[in-house]
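Sequences are here, hints too, so could you generate the full structure?
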Amino acid sequence: MTKKIVVTGIGASTPLGGTARASWDALLAGESGVRTIEADWVAQHDLPVTFAAQAKVRPEEVLSRPEAKRLDPSSQFALISAREAWADSGLADADVDPLRVGVDYSTGIGGLWTLLDAWDTLRERGPRRVLPMTIPMLMPNAAAAAISMSIPSRAYARTDVSACASSTEAIANAYEHLQRGLADVVIAGGTESVVHPLPIAAFAAMQALSRRNDDPATASRPYDVSRDGFVLGEGAGTLILETEEHALARGARIYAELAGGAVTSDSYHITAPDPEGSAAARAMIEALEQAGAERTDVTHVNAHATSTPVGDIAEYRALARVFGDHLPNIAVSATKAATGHLLGGTGALEAIFTVLALHERTAPPTINLTEQDPQIPLDVVTSPRPLGDGPHVALSNSFGFGGHNAVAAFRSV
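Using my numbering, you'd call the opening residue of the sequence shown number 349 and step up by one each time.
Hints were generated in silico from the structure; no laboratory data involved.
All figures in this text were calculated on a predicted structure; none of them were measured in a lab.
Beta carbons are placed, not taken as given, at the ideal position from N, Cα and C, and that holds for glycine.
Heads up, a few of these hints could be off.
Claimed, not checked - Pairwise CB distance ranges, derived in the manner of DEER restraints:
| # | residue 1 | residue 2 | range |
| --- | --- | --- | --- |
| 1 | 555 | 475 | 34 to 44 Å |
| 2 | 637 | 479 | 20 to 30 Å |
| 3 | 761 | 668 | 26 to 36 Å |
| 4 | 414 | 472 | 21 to 31 Å |
| 5 | 620 | 464 | 23 to 33 Å |
| 6 | 468 | 384 | 19 to 29 Å |
| 7 | 502 | 738 | 38 to 48 Å |
| 8 | 719 | 553 | 25 to 35 Å |
| 9 | 445 | 373 | 28 to 38 Å |
| 10 | 719 | 396 | 18 to 28 Å |
| 11 | 479 | 761 | 39 to 49 Å |
Below is the structure:
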């Protein structure tokens, strides 16, 4: 029998704020988390892009010094957001069996800062100066391990790496693991910290990044005719997922139901999406089927919408395939306009925004939309919009390099 899976806790470390609530409030206020990078290495490397969406949280002010020292920034963001979500769920004060708690936590790249700092140390100071914690800090599963050791979770701890779809895939996997009875509670999410000269140079070489150095706050502009690429971001998002039975037994507050999740593959190109969006559409359809929902039940979509010329159109075509004549009735939010693109952390953050949209019956705005691309005739939310009191189903879409597609379906409660 299918179990109901619910969201009972949220946490986030983002360019908009140091917590999930601060990030949500800033999003509703129409703020931008994108700004000029204040670091000497921008000029030192003559980077063609001089801005990013850097996380507002200062890990050294939240974590103990020994913790911060032994974690890459990506794991720092993850641990901070996981602890916030755990406390928010009320589980910190509950009697929970660690053998029934699992972790599904992902990243797109992992401990890049640790890797490149260690390489600099090796070249400049020799092998004896390389830190013994280098490998444990840079491995992609480091965040999941840190969370599992901080919040006793002995059912399992997993990391899936699928580029920008990573953390939505983690959420979909958590849904499956809870359905299979592997755990009663799962800490799910994703993280990334790659605002570093090498990724900026590499993404710029691909012509993937916006070049609006003179006006960073307006650089991420999904669906706008003048969009010219995404904005690199950093941070983490964490959701506490439980079986409804477990949540109700302890009197937990429930934000929303995680009604389904699906993953598919384009099998098309290493960086470009399938222009027709067929596999992305299939992921949405499968998530809705798992949720037992009709396409006409969907009232809100948090779109992947990275602000790239090709990607935004491909996602529109996927949405049109799925929803047809119902598409004009769906309020679409593109929150990367405010947060930038957190890569492996973006799906979890946008899932949190989707959950809060359902919980508060408010679709968040898409900033920087000055002139909507006529090739993308969506109902894009540009100021906070009430969703109404009726039942709602919402999708959170994430698509990544390599043709990875992941979709999470949520239902209001």
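Hint check:
1. At about 37 Å, the CB distance of residue 555 to residue 475 agrees with the hint of 34 to 44 Å.
2. In this structure the supplied range 20 to 30 Å is violated for residue 637 paired with residue 479, their Cβ-Cβ distance being about 48 Å.
3. For the pair residue 761 and residue 668, the beta carbons lie near 29 Å from each other, so the given range of 26 to 36 Å is met.
4. One distance hint, 21 to 31 Å for the beta-carbon pair residue 414 and residue 472, holds here, with the actual separation near 26 Å.
5. Range check, residue 620 to residue 464: Cβ separation about 27 Å, and the 23 to 33 Å hint holds.
6. Between residue 468 and residue 384 the CB atoms are about 24 Å apart, so this pair conforms to the stated range of 19 to 29 Å.
7. For residue 502 paired with residue 738, a C-beta distance near 41 Å keeps the hint of 38 to 48 Å intact.
8. In this structure, residue 719 and residue 553 meet the distance hint of 25 to 35 Å, their C-beta atoms being roughly 29 Å apart.
9. Hint check: residue 445 to residue 373, Cβ distance near 35 Å, so the stated range 28 to 38 Å holds.
10. Judged by the Cβ atoms, the range 18 to 28 Å given for residue 719 and residue 396 holds: they are separated by roughly 25 Å.
11. Between residue 479 and residue 761 the C-beta distance comes to about 47 Å, which sits within the given range of 39 to 49 Å.
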